[in-house]
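2 protein chains.
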Amino acid sequence: MLSIAIDMDETIADPIKKAREWYFRDYGRTFTPEELHGKTLSDVVPPEHRDKIKEYLNTPGFFRDLEIFPNAQEVLKELNKKYKLYIVSAAMEFPASLRDKFDWLQEFFPFLSWRQYCLCGDKSIVQADIMIDDLERNFANFKGKPYLYHGHHNVHVTGYERILNWEDAAKKLL
Amino acid sequence: MLSIAIDMDETIADPIKKAREWYFRDYGRTFTPEELHGKTLSDVVPPEHRDKIKEYLNTPGFFRDLEIFPNAQEVLKELNKKYKLYIVSAAMEFPASLRDKFDWLQEFFPFLSWRQYCLCGDKSIVQADIMIDDLERNFANFKGKPYLYHGHHNVHVTGYERILNWEDAAKKLL
Chain A
1 MLSIAIDMDE
11 TIADPIKKAR
21 EWYFRDYGRT
31 FTPEELHGKT
41 LSDVVPPEHR
51 DKIKEYLNTP
61 GFFRDLEIFP
71 NAQEVLKELN
81 KKYKLYIVSA
91 AMEFPASLRD
101 KFDWLQEFFP
111 FLSWRQYCLC
121 GDKSIVQADI
131 MIDDLERNFA
141 NFKGKPYLYH
151 GHHNVHVTGY
161 ERILNWEDAA
171 KKLL
Chain B
1 MLSIAIDMDE
11 TIADPIKKAR
21 EWYFRDYGRT
31 FTPEELHGKT
41 LSDVVPPEHR
51 DKIKEYLNTP
61 GFFRDLEIFP
71 NAQEVLKELN
81 KKYKLYIVSA
91 AMEFPASLRD
101 KFDWLQEFFP
111 FLSWRQYCLC
121 GDKSIVQADI
131 MIDDLERNFA
141 NFKGKPYLYH
151 GHHNVHVTGY
161 ERILNWEDAA
171 KKLL
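Chain order of the listed sequences is A and B.
Going by my numbering, the first residue of the first sequence is number 1, and it counts up by one from there.
Going by my numbering, the first residue of the second sequence is number 1, and it counts up by one from there.
So here's chain A without its partners, still in its complex pose (with noise of 0.2 Å):
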């Protein structure tokens, strides 16, 4: 059985959306899709309020109630029987987020157990056949076949398959 590794944020969990929320609860200011073409949050609010940005992302409970990527339950619950499926988090840069990212998994991905969990500092350590996941930089290490998933802030990065949401995942993976 294949195995593959599945990023969580941006990939099937939407910080950047409650990010975008509390930013405009703060600063009354939102970003239009064309703002965003490209970069990431933090490249398009002034330089001065990136670490807001980092603040927002290190508070507790802040990954605990994620917005879940359409169809990524469904597909997911799919992918993990005919993979040996793993989710993996470089998630050590926001250690608050350790407890919510395992609790959210656990009450939105029931299907998974904690065996299939992975929560690190960088991913040069994993190795499975298959790894989708949002950030190029990601795959560095990666010795299997990766897959982009598709996000604003990656659109300019070529030489990856690219997986544009779940139902495609499906199509490709399924």
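No lab work stands behind these hints: they were computed from the structure.
We treat Cβ as the ideally placed atom computed from N, Cα and C, and that holds for glycine.
Treat the hints with caution; some may be incorrect.
Derived lysine-lysine pairs resembling DSS-like cross-links, with alpha carbons at most 27 Å apart [to be verified]:
#1 K84/B x K145/A
#2 K143/A x K84/B
#3 K143/B x K84/A
#4 K145/B x K145/A
#5 K172/A x K84/A
#6 K143/A x K143/B
#7 K143/A x K82/B
#8 K39/A x K54/A
#9 K143/B x K82/A
#10 K145/A x K143/B
#11 K17/A x K171/A
#12 K143/A x K81/B
#13 K143/A x K145/B
#14 K84/A x K145/B
#15 K39/B x K18/B
#16 K143/B x K81/A
#17 K143/B x K82/B
Looking from chain A toward chain B, a few residues come up when the C-beta cut is under 7 Å (computed) [unchecked claim]:
#18 M92
#19 P95
#20 W114
#21 Y117
#22 G121
#23 V126
Assemble chain B onto chain A, guided by the hints.
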């Protein structure tokens, strides 16, 4: 530079000493080295107390102030110069331990970065050139060179090069 994945519990940190102390506090009973030879603490307590041991391990704070194995700090500091070093702990069974382990590493191994931590459910996802671990099961899917870190519970395990203590690790790896 070769990479090296180093386990936490019963390799650099001593949760069993603390669990034995708590068990003595609660039941007034301790165990001799002879009783523990070839066995885990859960093996030697009465079967009805096994859940109590799990309860200790899932108490918030339990992992926060564990004793460090002799010479582990000094030797890891040197290994960190020679290898890409990662601390890898199969920690997910005890989610209350996640933050404690992060904080413990930050305090007692300040020369390591959070980028070098990995808290997982199962080590089959880990790739490295070398792994040091006290549990044979963590080598099951490992493609690098395993070193079994010696402990009373693994004395009957054969087939692996053994590291007796951190002084011995220094001799073998530095």
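Hinted pair K143/B and K84/A, Cα distance within 27 Å
17 Å, holds
Please work out if K39/B and K18/B have their alpha carbons no farther apart than 27 Å.
Roughly 17 Å between the alpha carbons, so the hint for K39/B and K18/B holds.
Answer holds if the nearest beta-carbon of chain B is closer than 7 Å to that of Y117/A; otherwise answer violated.
Since chain B brings a Cβ to about 5 Å from Y117/A, closer than 7 Å, the hint holds.
Does K143/A pair with K81/B here, judged by a C-alpha cut-off of 27 Å?
25 Å, holds
Taking only the CA atoms, is the gap from K84/A to K145/B under or equal to 27 Å?
23 Å, holds
Can the restraint linking K84/B and K145/A be considered satisfied, given a maximum Cα separation of 27 Å?
Judged against 27 Å, a Cα distance of about 23 Å means the pair holds.
Status of the P95/A interface restraint (C-beta, 7 Å, chain B):
5 Å, holds
Decide if the proposed pair is consistent with the structure: K143/A and K143/B, CA atoms, cutoff 27 Å inclusive.
At roughly 13 Å apart (the allowed maximum being 27 Å), K143/B and K143/A satisfy the hint.
Hint check: K143/A vs K145/B, CA-CA at most 27 Å. Holds or violated?
It holds: about 18 Å lies between the C-alpha atoms, which stays within 27 Å.
Are K17/A and K171/A close enough, with their CA atoms no more than 27 Å apart?
26 Å, holds
Would you settle whether the hint for W114/A is holds or violated, based on the nearest Cβ-Cβ distance to chain B being less than 7 Å?
4 Å, holds
Tell me if the straight-line CA distance from K143/A to K82/B falls inside 27 Å.
Status holds; Cα separation ~23 Å.
Consistency with the previously given hints is maintained throughout, with no hint failing.
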